[in-house]
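Novice: Make the full structure from the sequences, and use the hints.
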Amino acid sequence: MLDKSEADATYDDKSSTHGKSQGVSNNVDPNERAKSKDVFNDDDGHDIQYKTLSWQFTALLMISEIVSNGMLSLPNAMAAVGIVPALILTIFLGIFGLFTAKLLIDFKLNHPGVHSMGDAGYILFGPVGREILSAGTVVFAIFAAGSELLSGQQALSTLSDNGLCAVFLVIIFAGATFLAALPRTLGQLGWLGFGSAALIFLCGILTMIGAGRNPVPDRVVQATIPTTFFEAFLAVTGPVSSSCPLQRFFILISEMRRPQDAMKAAWCLQGFATVFYSVFSVVVYVYIGSTVASPALFSLPPKWAKAAFGIGLGNFLISGALYVHTAAKLVFIRLFRHTRHVYSHTAQGWAVWLVLCLVGTAAACILAIAVPIFSDLIGITAALFAAWYTYGLAGFFWLHDVYHLKGGTQALKRRKFGTTLAVLTILAGAFICVAGTYVSIKLIVDAYKAGAVGKPFTC
1 MLDKSEADAT YDDKSSTHGK SQGVSNNVDP NERAKSKDVF NDDDGHDIQY KTLSWQFTAL
61 LMISEIVSNG MLSLPNAMAA VGIVPALILT IFLGIFGLFT AKLLIDFKLN HPGVHSMGDA
121 GYILFGPVGR EILSAGTVVF AIFAAGSELL SGQQALSTLS DNGLCAVFLV IIFAGATFLA
181 ALPRTLGQLG WLGFGSAALI FLCGILTMIG AGRNPVPDRV VQATIPTTFF EAFLAVTGPV
241 SSSCPLQRFF ILISEMRRPQ DAMKAAWCLQ GFATVFYSVF SVVVYVYIGS TVASPALFSL
301 PPKWAKAAFG IGLGNFLISG ALYVHTAAKL VFIRLFRHTR HVYSHTAQGW AVWLVLCLVG
361 TAAACILAIA VPIFSDLIGI TAALFAAWYT YGLAGFFWLH DVYHLKGGTQ ALKRRKFGTT
421 LAVLTILAGA FICVAGTYVS IKLIVDAYKA GAVGKPFTC
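Be aware that the sequence shown starts at 1, since it is given in full-length UniProt numbering, and climbs by one per residue.
Note that these hints are calculated values from the structure, not bench results.
Incorrect hints may have been included.
[What the hints assert, rightly or not] Result set (SDA-like, lysine to any residue): computed pairs, CA atoms no more than 25 Å apart in a straight line:
{"#": "1", "residue 1": "K455", "residue 2": "Q260"}
{"#": "2", "residue 1": "K306", "residue 2": "V216"}
{"#": "3", "residue 1": "K406", "residue 2": "L124"}
{"#": "4", "residue 1": "K406", "residue 2": "A293"}
{"#": "5", "residue 1": "K416", "residue 2": "A430"}
{"#": "6", "residue 1": "K306", "residue 2": "G195"}
{"#": "7", "residue 1": "K442", "residue 2": "Q260"}
{"#": "8", "residue 1": "K455", "residue 2": "A363"}
{"#": "9", "residue 1": "K455", "residue 2": "G407"}
{"#": "10", "residue 1": "K455", "residue 2": "A362"}
{"#": "11", "residue 1": "K102", "residue 2": "G407"}
{"#": "12", "residue 1": "K442", "residue 2": "I380"}
{"#": "13", "residue 1": "K51", "residue 2": "V216"}
{"#": "14", "residue 1": "K442", "residue 2": "L377"}
{"#": "15", "residue 1": "K264", "residue 2": "S54"}
{"#": "16", "residue 1": "K449", "residue 2": "F230"}
{"#": "17", "residue 1": "K416", "residue 2": "V402"}
{"#": "18", "residue 1": "K455", "residue 2": "L164"}
{"#": "19", "residue 1": "K416", "residue 2": "I426"}
This one's a predicted model, so the numbers in the text were calculated from it and none came from an experiment.
Specialist: What follows is the structure, encoded as structure tokens:
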């Protein structure tokens, strides 16, 4: 657990003025300060080595998570606003996400002891900020894992022609997800991430081929579509939730061999995701038209839908496991930071890790099968947390480090453009948060009014 002295010690020692401004105690034990330089202190004597990820595998793990089932909803979003606005939004969010990734990476390099958004929240806002951002990361990861479980259930239902109750399929898929989440380090999941990224790429290619081979007659395709704010922002929630990797980026960077290479992974992720999102959305929408479903695979003929779901199934599994792993890893490090349980195969360490993975998977499973409005709740969690983790908080990271490491208020005044951009980033996060929450709540209210809400634990 990161106490105040340890958090302060993660700051750059080259800045003596920064140390004074934060009140770093001269009585902090030198060994503790050395340990806080990085959340993981691997050496050859440790049973478990964490810092094993290359930037290439970091990028693949992020692609595996982000370019997952969220991609399959993008053609439906394009059908709501038209090709031109959807493409502009997708490209803008890709560039904006790359910019905020740069701010996050710089913050991580300046504060090596930061392992999660909770640690960053402690540096920015104190103990309250740590608890809120830690809880938000765990909640969002569990909801995202639940979304992957539902995608897995849809895939299995399609492949089996609804041969088994959907509730049982979710439970079966949750069991496989739990097993895939068990490796203690992200490096052990690296090759699974590679396979997962390849599978979702092939799933997208197959979906585009299936749409092209089976175009909808008399389909309606529009460049722009006049719409209301509610409908337009509803379309925005898809690209936003599909471009929000940053709440997990701290955890990934912490296990990289060279955290300095993290920006290469960010370039790879955002470059691939933006291009693939754009091509996939346009191709599927052009061939299917305004009736395209969400996920888009349901708009394909049965044999094509089965083929695409069959290939994408592996990605849904690994992506869900990575979300569970993220939630478990945050809590595990919070409990055992800088103890032997992190680096050694202790009974207590493994028992706690197994329980955390089990609880995370079980929570995601229960939410997926017991909450009829779960899909809309995912929208609320994306608005509340993803908007800040991906966009808004990056502005605070930049303002904090410029103020504390570069010379206080005068440094902010000298960097007028950067300061303005950081403030606008914070405001953008706030706007997406408020508007996205409003849209998601309205969807839930409208669903209840229309009697479209089902019952929990039903097939």
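Novice: Work down the list of hints and note, for each, if the structure agrees.
Specialist: Here is how each hint holds up against the structure:
1. K455 to Q260: violated (49 Å)
2. K306 to V216: holds (18 Å)
3. K406 to L124: Given pair K406, L124 holds - Cα atoms ~16 Å apart, limit 25 Å.
4. K406 to A293: The hint is violated at about 51 Å.
5. K416 to A430: Distance of about 21 Å is within 25 Å: holds.
6. K306 to G195: Within the cut-off at roughly 19 Å; holds.
7. K442 to Q260: Distance ~43 Å between K442 and Q260 Cα, so the pair is violated.
8. K455 to A363: Satisfied, since the Cα-Cα distance of roughly 18 Å is no more than 25 Å.
9. K455 to G407: Cα-Cα ~58 Å, so violated.
10. K455 to A362: Given that 25 Å is the threshold and the Cα spacing comes to 19 Å, the pair holds.
11. K102 to G407: Holds, at roughly 21 Å.
12. K442 to I380: holds (11 Å)
13. K51 to V216: violated (50 Å)
14. K442 to L377: Between K442 and L377 the Cα gap is close to 11 Å, so the pair holds against 25 Å.
15. K264 to S54: holds (10 Å)
16. K449 to F230: holds (17 Å)
17. K416 to V402: holds (12 Å)
18. K455 to L164: holds (18 Å)
19. K416 to I426: Given that 25 Å is the threshold and the Cα spacing comes to 15 Å, the pair holds.
Of the numbered hints stated above, those contradicted by the structure are hints 1, 4, 7, 9, 13, listed in ascending order.
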